[in-house]
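Chain B: place on chain A using the hints.
Next come the chains, spelled out residue by residue.
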Amino acid sequence: MRKRESPRDRAYGLAVAIVAASIPVFVFGILLFLIEYSLPAIKFNGLGFFTGTSWNLGDFNAVKFITKNGVEGLPGASFGILIFLAGTLASSTIALLIAIPTSIAVALFTVEDAPRRVREPLIALVDLLAGVPSVVYGLWGLVVLVPLMERTVAPDLASTLGFIPFFGGATGAGYGLLTSGLVLALMVTPIVSSTVRESFAKTPPDVKEAALALGCTKWEMERKVVLPYSKTTIAGASLLGLGRAFGETMAVLMVGGGAGAVAYLPSNVYSPISTMATVIVSLLDSAVTDPTKLALYSLAEVALVLFLITLSANMLARLFVHGGIAKALVSGGREN
Amino acid sequence: MNSEKGLGARKAKDWTMRGVALALTLVILIPLFDIIYVVAVNSAPALSLTILTKTTADGGLINAIAGSVFLVCFSSLLAILLGVFSGVYLAEFGGRFASVVRLLADVLTGVPSIVVGYFGFIVFVLDFGWGFSALAAALALTIIMLPYVTRTTEFALRKVPSDMKEGSFALGATRSTTVNRISLRYAAPGILTGVLIAVSISLGETAPLIYTADFSNYLPSGALTHSPVGYLTYVTWAYISEPFASAHQQAFVASLILMLLVLSIGLCARFMVARWWKS
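In order, the protein sequences belong to chains A and B.
Take 1 as the starting number for the first sequence in the working numbering and just add one per residue.
Take 337 as the starting number for the second sequence in the working numbering and just add one per residue.
So that you can see chain A by itself, here it is in the shape it has in the complex (with noise of 0.2 Å):
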């Protein structure tokens, strides 16, 4: 087909390779904007970016500036970031701790278990839940999830496992790690199950039929061939749910109980959290005050850390699934 290119032809790939480029130019544009945003943060904050605990604009009164480093800040201010750290990979964690196991099931369900006029509409259910915005899970979340939790969920669990640790303690008013991690869990699962039930249905018949043949049970066929068949769509869809985890803001900002931001680490899935991704919300109305800008330079330099984290998440699942997150919710598990 080479041979056809004509100089319209020519013409018309490289407009269409110009367009093209508008995607490259939105992802180092961000990425290079993030990293020369953050850079005075980054000198400034040093290392201590990552064990700080205290997010501390400095004395708005100061008659003078101090230097850190070569870059300018109020007196006192600190930007450490652990405990946005600690919220934002505890929350995930809880999260993929229940979705991995509820979004294999689901997926196993669907493929092996349910009548086949049943399957069509369950692959359609699940794959809205997919759709649901982030601020109706928040809404969701805070009017049916946090009282519950406040109420049974969270006083039950501490008096029957609080021997176990991060069980026990104080339990709080329904707001925080546990019941993002829940609600996280819920936004993640149709995306993992619908990735990995696109590889189950996959899984080649004759060998499933061996297995049977052999007197394999259902479940004892499952483990040992359709399972194994898929371990890599599986780690590579959980990673694609972490990144998600990382990065969702709305849902974990209106349960996560950290109005502003969150001053102490968690002590318990209880407590109230703020992520990484929340506090760029919560804290940006008071950087732009900050007359050395540098509030806004660390809140740069928390985006390029969240940035960083979620493309690494992306990237390994990248390896195990190719399409990534689009085909997943594009092709509906039908893509061949």
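Don't read these hints as lab results, they were simulated from the structure.
C-beta atoms are modelled at their ideal positions from N, C-alpha and C, and glycine is treated no differently.
Taking beta-carbon pairs under 7 Å as the criterion, some of the chain A residues facing chain B (in silico):
id	residue
1	D9
2	V27
3	I30
4	F33
5	T102
6	V106
7	T249
8	F307
Same frame as chain A, but now just chain B:
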């Protein structure tokens, strides 16, 4: 295998696992129905024409509805223009640059929307001096929609049967004519599913808009810069923490409208997926 265990025990385990799979499937669906139920019940008392005639300041939602529609249309237009032709490049032309673009499109789907929001705030709102505006907000949404439209267009174009393209070449058509007249036309329903999904994602976004569109109690002025825009997701987020019952109802009605739109777009897309992608 498993000769050490009796058949009864193995069968019991099998039935247990069947039960667990069914139970977890139901557990994941209950919240979906409960979300719809809670949103519907709580917004029912507030459902009246006021929603469409008054602005958020007077108990209605018309400014938020109009703002959401405005922002989604604006960003969809940009995302379709950029995304469809990027998809054409990936599917029909390609080369080494295409694999870079493909990789970066996947990177872009993974960028947290709040990061796009922060970028939009500093660059579009402050540095470019556009202020809180439809342009800044729509560009932020475009960045989020673009990779979805691009990749679906690519997938859809790859499904165009090669004999259709070859037929076109045999009749003397050039590649550009073949793409525009044959491939894009054949792939249009597939591309549309991607656009619908991108629209539904952008409709539900909040994080990239808070600091680019801000919020406005007035109808969109039509000005592209220096004019904040209201939108539905903001109402849900901000009004539910107000101390007034009427504000809570507005938050629920905003969610109801969002859910109805997202569900119907989702069903449309699913119908088209079933009709087109399967064939």
